[in-house]
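Protein chains: 2
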Amino acid sequence: MNIMELAKIAKKTSINLAACDTATKNNALKAIAEALEKRKVEIFDANKKDIEAGEKSNLALPLLKRLKFDDNKLNEVIAGINSLISLPDPVGETLWCKQLDEDLELYKVSCPIGVIGVIFESRPDALVQISSLCLKSGNAALLKGGSEALNTNKILTEIIVEASTNAGIPSGWVHLLESRDDVNGMLKLDKYIDLLIPRGSNEFVQYIMNNSTIPVMGHADGICHCYVDSDADIKMAVDIVTDSKTQYVSVCNATETLLVHKDIAKEYLPLLKKELDKKNVSLLGCTETTKIIDVDLATEEDWKTEYLDYKLSIKIVNSLEDAIEHINTYGSGHTDAIITKNESKAKIFMDLVDSGNVFWNCSTRFSDGFRYGFGAEVGISTNKIHARGPVGLDGLLIYKYKLIGHGNIVSDYSNNIKTFKHKMIDKEF
Amino acid sequence: MNIMELAKIAKKTSINLAACDTATKNNALKAIAEALEKRKVEIFDANKKDIEAGEKSNLALPLLKRLKFDDNKLNEVIAGINSLISLPDPVGETLWCKQLDEDLELYKVSCPIGVIGVIFESRPDALVQISSLCLKSGNAALLKGGSEALNTNKILTEIIVEASTNAGIPSGWVHLLESRDDVNGMLKLDKYIDLLIPRGSNEFVQYIMNNSTIPVMGHADGICHCYVDSDADIKMAVDIVTDSKTQYVSVCNATETLLVHKDIAKEYLPLLKKELDKKNVSLLGCTETTKIIDVDLATEEDWKTEYLDYKLSIKIVNSLEDAIEHINTYGSGHTDAIITKNESKAKIFMDLVDSGNVFWNCSTRFSDGFRYGFGAEVGISTNKIHARGPVGLDGLLIYKYKLIGHGNIVSDYSNNIKTFKHKMIDKEF
Numbered sequence: 001m002n003i004m005e006l007a008k009i010a011k012k013t014s015i016n017l018a019a020c021d022t023a024t025k026n027n028a029l030k031a032i033a034e035a036l037e038k039r040k041v042e043i044f045d046a047n048k049k050d051i052e053a054g055e056k057s058n059l060a061l062p063l064l065k066r067l068k069f070d071d072n073k074l075n076e077v078i079a080g081i082n083s084l085i086s087l088p089d090p091v092g093e094t095l096w097c098k099q100l101d102e103d104l105e106l107y108k109v110s111c112p113i114g115v116i117g118v119i120f121e122s123r124p125d126a127l128v129q130i131s132s133l134c135l136k137s138g139n140a141a142l143l144k145g146g147s148e149a150l151n152t153n154k155i156l157t158e159i160i161v162e163a164s165t166n167a168g169i170p171s172g173w174v175h176l177l178e179s180r181d182d183v184n185g186m187l188k189l190d191k192y193i194d195l196l197i198p199r200g201s202n203e204f205v206q207y208i209m210n211n212s213t214i215p216v217m218g219h220a221d222g223i224c225h226c227y228v229d230s231d232a233d234i235k236m237a238v239d240i241v242t243d244s245k246t247q248y249v250s251v252c253n254a255t256e257t258l259l260v261h262k263d264i265a266k267e268y269l270p271l272l273k274k275e276l277d278k279k280n281v282s283l284l285g286c287t288e289t290t291k292i293i294d295v296d297l298a299t300e301e302d303w304k305t306e307y308l309d310y311k312l313s314i315k316i317v318n319s320l321e322d323a324i325e326h327i328n329t330y331g332s333g334h335t336d337a338i339i340t341k342n343e344s345k346a347k348i349f350m351d352l353v354d355s356g357n358v359f360w361n362c363s364t365r366f367s368d369g370f371r372y373g374f375g376a377e378v379g380i381s382t383n384k385i386h387a388r389g390p391v392g393l394d395g396l397l398i399y400k401y402k403l404i405g406h407g408n409i410v411s412d413y414s415n416n417i418k419t420f421k422h423k424m425i426d427k428e429f
Numbered sequence: 001m002n003i004m005e006l007a008k009i010a011k012k013t014s015i016n017l018a019a020c021d022t023a024t025k026n027n028a029l030k031a032i033a034e035a036l037e038k039r040k041v042e043i044f045d046a047n048k049k050d051i052e053a054g055e056k057s058n059l060a061l062p063l064l065k066r067l068k069f070d071d072n073k074l075n076e077v078i079a080g081i082n083s084l085i086s087l088p089d090p091v092g093e094t095l096w097c098k099q100l101d102e103d104l105e106l107y108k109v110s111c112p113i114g115v116i117g118v119i120f121e122s123r124p125d126a127l128v129q130i131s132s133l134c135l136k137s138g139n140a141a142l143l144k145g146g147s148e149a150l151n152t153n154k155i156l157t158e159i160i161v162e163a164s165t166n167a168g169i170p171s172g173w174v175h176l177l178e179s180r181d182d183v184n185g186m187l188k189l190d191k192y193i194d195l196l197i198p199r200g201s202n203e204f205v206q207y208i209m210n211n212s213t214i215p216v217m218g219h220a221d222g223i224c225h226c227y228v229d230s231d232a233d234i235k236m237a238v239d240i241v242t243d244s245k246t247q248y249v250s251v252c253n254a255t256e257t258l259l260v261h262k263d264i265a266k267e268y269l270p271l272l273k274k275e276l277d278k279k280n281v282s283l284l285g286c287t288e289t290t291k292i293i294d295v296d297l298a299t300e301e302d303w304k305t306e307y308l309d310y311k312l313s314i315k316i317v318n319s320l321e322d323a324i325e326h327i328n329t330y331g332s333g334h335t336d337a338i339i340t341k342n343e344s345k346a347k348i349f350m351d352l353v354d355s356g357n358v359f360w361n362c363s364t365r366f367s368d369g370f371r372y373g374f375g376a377e378v379g380i381s382t383n384k385i386h387a388r389g390p391v392g393l394d395g396l397l398i399y400k401y402k403l404i405g406h407g408n409i410v411s412d413y414s415n416n417i418k419t420f421k422h423k424m425i426d427k428e429f
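Chains as they are written, first to last, in UniProt numbering: chain S, 1 to 429; chain L, 1 to 429.
Quick caveat, the hints were computed from the structure, so don't treat them as lab data.
Among the clues, some could well be false.
The list treats identical chains as interchangeable, and a pair is accepted whether it falls inside one copy or across any two copies.
Unchecked claim - Capping the alpha-carbon separation at 25 Å, the derived lysine-lysine pairs in PhoX-like fashion look like this: (1) K427 to K347; (2) K304 to K12; (3) K345 to K108; (4) K345 to K12; (5) K12 to K347; (6) K347 to K423; (7) K235 to K274; (8) K49 to K154; (9) K347 to K108; (10) K418 to K341; (11) K345 to K427; (12) K304 to K8; (13) K38 to K73.
Extracted from the complex, chain S is given alone in its bound form (with noise of 0.2 Å):
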């Protein structure tokens, strides 16, 4: 079938999908976890075959070692599957009920958003979370993952297909796509297809973004900074820029640009620079940097560029607004963090900073969906509408108005023979 017919069908199964019950849906998800650890041999087996064709064909360490499929993999799977059972069905909640009149009810309950297309590269584990969690929330997916997981991700795909339609989930709701040309298939469906969720390289994600009319959710990039302000405590600024830094450079929530207060430049940078001189993070500076620690000089495009590596950007500042300034011009939006010992410095901070994610001393690397508890997550939105920040199961539902009348009748309202009441109630449909 081509990528329209499997679209076609996705968008029917939601239907039936999104009125699932809770049970068959979690016991479909049981099933899933108890099939992947009883087939898991073939599971290894085709992930192998990837692992060998990766290595003959040179894929970069990296990428081999996130192709993987493991035993530690599957059980990371398999306990995210179950924390998914024991989350309460995010479907079908009454949101509130307001009485338009006595005997007209208008309820606004949660639903599915519809079919999501999600592309991840070579991550097999993320076939396994994602489509898990598109079924929770009673979402229909087409899944396309990289080319060079492609014998894994068929196993995967069949066991979750065969395990979820055994325990009653209407067949369709989960396709795989194989071919390169299905991307930008996908990204022309808008009638079947309700959110794509891209996950990979920013130069991948900013791609589907700029070539689809369907809405996208996720972030190209993630600049972050973290913003030592004059009332800083030292040694507070020295541990978490390290971390925002250090603590895992490959991630978007790392920091990859500091800005130092000018009164505060000359006690902070060395101490600093000392503190990551034994992580081996480079640093480049701007010209007033340079003067104060012995740091290659920045350039513009420093500002604008997320290293991922054990790589730093330093800029002093001659004030708050300076800073805020800074990173809503260079910024992503994503995670931006001060650190202060002012309580209304912090404020001012985190009101203007125009990002989804605005930290008082603590960590950028805080902003992560399993972090702030969600549970499972679905990816870091750095979008102004929908979901913002990291997006959990939340960011897979939307909700539908639900008005039970007994025969009413606008022209009795425009005609002034009845008259709204708008009292919120207490109810649930």
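Given chain S's structure and the hints, the job is docking chain L onto it.
What follows is chain L alone, placed relative to chain S:
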């Protein structure tokens, strides 16, 4: 200034506007209402010029009517502003607070989206309505009205700018775009504009949706249905369908297609026709319908058409499932109603019809922000993300996460020195 420069100013101003306190925003709204009243002669004079030019260029009567800005319209927009003032400030609300650890608190706080681009056709009252909604919700606005209303729009914008900035709102928060090229210019400015709200003809909205990478909120079509079930109360079904079709025909929530269960069609359709004949509604029907009442034969095209006129297409269906299937195939996800005495059928209909508004035993015409009691209406959305159905102030808001620590670093948690608590607490920031 060109559109890019204006958009940059709006983006920059939006940061400070987002942090404006409630009193300043409400005082500015009050000042706008007073200035509109005080300078109404200027407004009416400008509007007279537009009307005269419109008459000269043979503008259609409904357009001339929409273009008119008189005492009635003035009173309406002033009443709208006053009702906005009375609403609570939607910005800065702590949606929830969670302790990640004893000294690490996460706040989810509502905030404005940023810069809203609004493109509307001939109605100048829309300009006042949308800019006051943006102001209350702390969003900057780029407004592009129809060229036929340019004189009226200019004076209205001048008044809004002057009154609001005198009242302390940062200048540069609202701009009127004057040339037609500005519309296409706006569509490309995804770096500065966060959301587009087009209001106008279906073709126009569709054009915007197809030609911008900026998220668009709105609806292109309103193909709404009534389904009269075999268990319907016949009298109620006549009243509801008559109201849904004829109470106001040129709006998106008017019913365009009637679906009737085969077991009730013979009894129901003649009674309905009698009622609709009184209102001069022209009827088209499927082959089965033509065997019962004297109507023209509908074509496939009719099921996809939004008439916005005294015209109704009728189809006889074999089952509830067929009705749902028809709506999900031909509908636009706007508003669809079932008329039945059978609760379980109503529930199935409301769960399986994939529309923003699903109604039981009431008119589709209730689908409206004012009738839902939202106070002010941004528009009606058929999107599947962010905001669906009638959209009030809520649709102009998003949230940010504020994380407040005391020197917390991630390595303490990944090294198991500390563990997350993830405890919801009742606290504001």
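Here is how each hint holds up against the structure:
Proximity of K427 and K347 under a CA criterion of 25 Å is satisfied inter-copy only: 16 Å between copies versus 38 Å inside one chain copy. Proximity of K304 and K12 under a CA criterion of 25 Å is satisfied inter-copy only: 18 Å between copies versus 43 Å inside one chain copy. In the homo-oligomer, the alpha carbons of K345 and K108 lie at most 25 Å apart only across protomers (19 Å), although the nearest pairing inside one protomer, at 39 Å, exceeds that limit. Taking identical chains as interchangeable, the C-alpha atoms of K345 and K12 lie at most 25 Å apart only when they sit on different chains, with a minimum of 20 Å there against 52 Å within one chain.
Taking CA atoms no more than 25 Å apart as the test, K12 paired with K347 passes between copies only; the shortest distance there is 19 Å, against 48 Å inside one copy. In this assembly of identical chains, the alpha carbons of K347 and K423 lie at most 25 Å apart only when taken from different copies (23 Å versus 36 Å within one copy). Proximity of K235 and K274 under a CA criterion of 25 Å is satisfied intra-copy only: 12 Å inside one chain copy versus 84 Å between copies. For the identical chains of this complex, K49 and K154 are intra-copy neighbours only, at 12 Å inside a copy versus 68 Å across copies, given an alpha-carbon limit of 25 Å.
For the homomeric pair K347 and K108, the shortest alpha-carbon distance between copies (14 Å) is at most 25 Å, but the shortest distance inside one copy (34 Å) is not. In the homo-oligomer, the alpha carbons of K418 and K341 lie at most 25 Å apart only across protomers (23 Å), although the nearest pairing inside one protomer, at 59 Å, exceeds that limit. In the homo-oligomer, the alpha carbons of K345 and K427 lie at most 25 Å apart only across protomers (20 Å), although the nearest pairing inside one protomer, at 44 Å, exceeds that limit. Proximity of K304 and K8 under a CA criterion of 25 Å is satisfied inter-copy only: 18 Å between copies versus 41 Å inside one chain copy.
Proximity of K38 to K73 under the C-alpha cut-off of 25 Å is restricted to the intra-copy arrangement: shortest distance 15 Å within a copy versus 70 Å between copies.
Hint check: no violations occur; every hint is consistent with the structure.
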